[in-house]
Amino acid sequence: VTGPFYSVGPIKNQLLPASNISDFINSVRDVLLLCNWTLTSSFLGTDGTPGYILTSYPTPVGNKFRIKVFYNGDGTFLYPLVKFMVSDSSGASEQIAGYCAISSDHGDKTLRCIAGPHQFFIFIDTSIPPNSYYTGPFSFNNVMAGTPHVRNTIQSEIFWALGDLNHQHTFREDLIGGGNDLYSFLINGIVPNTGAFPDGAGNTANCQPILLSQRSADLVNPVSHFSSYYPVIEPILVMGRVPNNYYATYLWDAVVFCNRVSTAFTAIADGGTWETLTLSTDSGVVGSLMLLTTPLQGIGSGGFSY
Amino acid sequence: MGFHSAGGNIVLNSSTNNPEDMVNHLSTKLSGIGETDTPDTNNAGWNHVERLKSEISFVAAFFPVGSSITFFPPDAPLGTSFTFTDGTVAGNVIIDSTLLGTLHNFGEVVHSTLGWSYTVTAPNIIRFYDILFAHSEIDAIHYIGNYISATVNPPGTVGVFDYSPDGVGTGRTWGGGHKVKTAKISAGAQALEIDIRTVNTINIISISPSDATIIFDGIPAVSWNLLANKYQFFLMQPGGGSTSGTFLFAGHLYPSRLLTFCNYITGPINSVSHDGGNRAGFASIGLHYYVNNGSPFTSSNVSDKNKNPNFCLPGYGFGITPIEKIGNPLAGIPIRDDLGNMQVYDAFLAAPALVGGNIRILGTIWDAVIYSNSQPMDGVTSTINGKSAYCVMSQNGDAATSQGSLLVQSAL
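Protein chains in written order, with this note's numbering: chain E, 1 to 306; chain W, 1 to 412.
Check each hint, because a few of them may be wrong.
Covered stretches of chain E (in silico footprint by chain W; criterion: 3 or more residues with CB under 8 Å from a CB of chain W, positions within the stretch not fixed) [said to hold, decoys possible]:
{"hint": "1", "segment": "170–183"}
{"hint": "2", "segment": "213–225"}
{"hint": "3", "segment": "247–257"}
{"hint": "4", "segment": "283–289"}
Keep in mind that the hints were calculated from the coordinates and are not lab data.
In this text, a Cβ means the ideal position worked out from N, Cα and C, and glycines have one as well.
Using the sequences provided together with the hints, build the complete structure.
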């Protein structure tokens with residue numbers, strides 16, 4: 001194990017009001033600013049709603065990326081959709097990250113956001129009323145993106161993003177993004193929609209952002225230690241075009257708990273509180289992404305070791 | 001990364017292709033004691049327990065009066081026979097006083113004063129042991145080829161020597177050898193103790209745990225590479241690949257949490273038609289295997305892969321059924337970072353902790369890592385912590401398996 005990789009920056013874990021378009025967009029701005037992101041620009045969206053372009057805090061090697069959050073009139077089943085775009089630090093290679101539906105018909109919906117200097121995860125917590133009303137195959141409740149930890153010490157442009165479309169294949173439900181949902185990435189100038197396959201580099205398919213989980217080399221069920229405790233490993237994120245242009249990178253402030261989890265649990269380790277983001281009852285899900293939900297208080301108690 | 005067998009030696013060596021020499025060589029390189037009592041200081045740090053003498057056993061199907069068994073020691077080619085004079089009942093060996101005397105006095109066959117000890121280990125099984133065919137016990141101890149062969153007349157009338165599939169009436173025995181054991185991870189641990197023997201005249205050696213719960217006797221005495229430290233060793237026929245009878249691993253693993261120790265062996269069985277003991281892929285680490293984490297047991301590969309020993313490493317994060325893994329975009333590719341460097345993982349070995357159980361991580365192979373790329377096997381192509389590393393096992397991977405290599409430190 002070589003991680004976790006700590007941003008050693010502000011970590012915010014808070015509810016966002018998802019019952020009003022402007023309130024939601026402003027709360028996204030506010031939470032990211034609290035995590036040392038910068039407001040690059042602001043603009044007006046449909047119906048005078050606010051729109052923002054925010055840039056993440058540079059990683060130790062200077063990597064950063066942008067998101068654009070705004071409302072352009074999109075909707076689903078009469079629910080307005082706030083749109084998230086993701087791009088490199090200059091605004092290039094822009095792609096759709098995802099959408100969040102704004103709803104209040106069953107009560108004031110909220111979404112949770114766990115964010116840090118280099119990434120954010122917006123997702124629905126159904127344990128908080130009335131959020132359980134707002135889940136379903138065409139709900140839009142999850143969007144997440146970041147610029148990962150990489151080995152190269154020279155600044156580069158790299159990011160990943162996942163969002164709901166209709167199957168909820170984000171890290172909230174699974175360790176692999178994509179499927180029939182939204183995914184995007186940028187590595188070494190390569191984005192998912194770089195021409196047809198096979199491309200000039202001999203690639204034959206996209207590799208959507210995928211987290212690895214430790215298990216048998218035969219890729220069967222999760223495998224525990226003798227103690228019955230399941231392994232915890234660094235969050236290895238693989239993405240790109242295969243078989244020639246892809247990277248293994250690492251999420252910040254995160255680990256992967258190598259077993260399926262259907263109900264969230266928390267843990268205290270390395271001076272911080274952690275929570276399982278990935279919740280699923282699907283037997284094909286073989287692990288859960290755990291996020292640091294509090295700033296580090298000094299590493300010394302607990303620890304993700306085995 | 002990894003667990004280091006500090007304080008010991010690491011031996012990478014090749015053996016000769018003669019059973020007696022191979023048995024002596026293995027014992028010498030593991031424990032320092034082999035053909036002679038003069039220690040070889042370039043050993044892996046195992047402990048030599050004792051020299052082993054020959055044994056023969058047979059399972060009696062029935063004992064017809066007048067049938068005979070003829071034993072052939074190497075220096076008595078005409079053999080010596082004893083004839084069953086007691087009309088025993090099928091399935092039961094009755095050794096009357098006359099026969100007992102015969103068993104203890106084979107005249108010229110037995111040159112020592114010990115006679116042949118025997119036990120009736122089951123109603124229809126006789127096991128002879130402490131068999132010496134040299135002219136003195138000292139000579140016998142140094143004579144690994146202290147084997148015995150036997151025939152039954154008429155063929156098939158008495159029983160099966162040793163165990164199937166050696167063949168009715170052909171006879172098969174264990175020759176002499178060495179009992180050696182590993183260093184221990186802790187004072188409360190139980191070292192892995194193994195018997196290394198020749199197996200008659202068929203150019204085979206056998207390796208078995210001393211509790212004899214399984215006998216890995218599908219090891220032909222040809223050219224092997226040995227890679228050992230004080231806790232483990234690998235036997236590998238260079239280029240053996242997926243051919244059965246070309247690989248064996250025996251180790252006192254770095255134990256998983258809550259285990260005091262875990263001893264593990266995998267290798268080929270069946271001295272005639274070798275079964276298992278190959279390097280077709282990571283799953284080969286458990287085709288036929290022995291586990292002892294307190295109570296020893298053995299088992300073999302089954303159709304349910306959740307129950308088969310294997311290495312555990314970070315892999316594709318979705319799917320347990322083949323259909324679920326069809327879309328695996330990582331199929332057959334290494335996991336490398338943005339600098340092109342491969343991922344390196346601990347060499348966690350998972351196996352059932354009890355017979356028939358699902359696999360759990362029971363321990364870690366020493367001085368080893370799993371490298372997230374396939375590598376040519378039997379080569380020293382990489383380094384671990386600046387030390388040369390030998391590629392013991394590798395697989396290309398596909399949609400349903402991870403790509404990787406088991407690299408083991410091959411120099412201090």
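Cross-check of the supplied hints:
no.	hint	result
1	170–183	holds (count 3)
2	213–225	holds (count 12)
3	247–257	holds (count 4)
4	283–289	holds (count 5)
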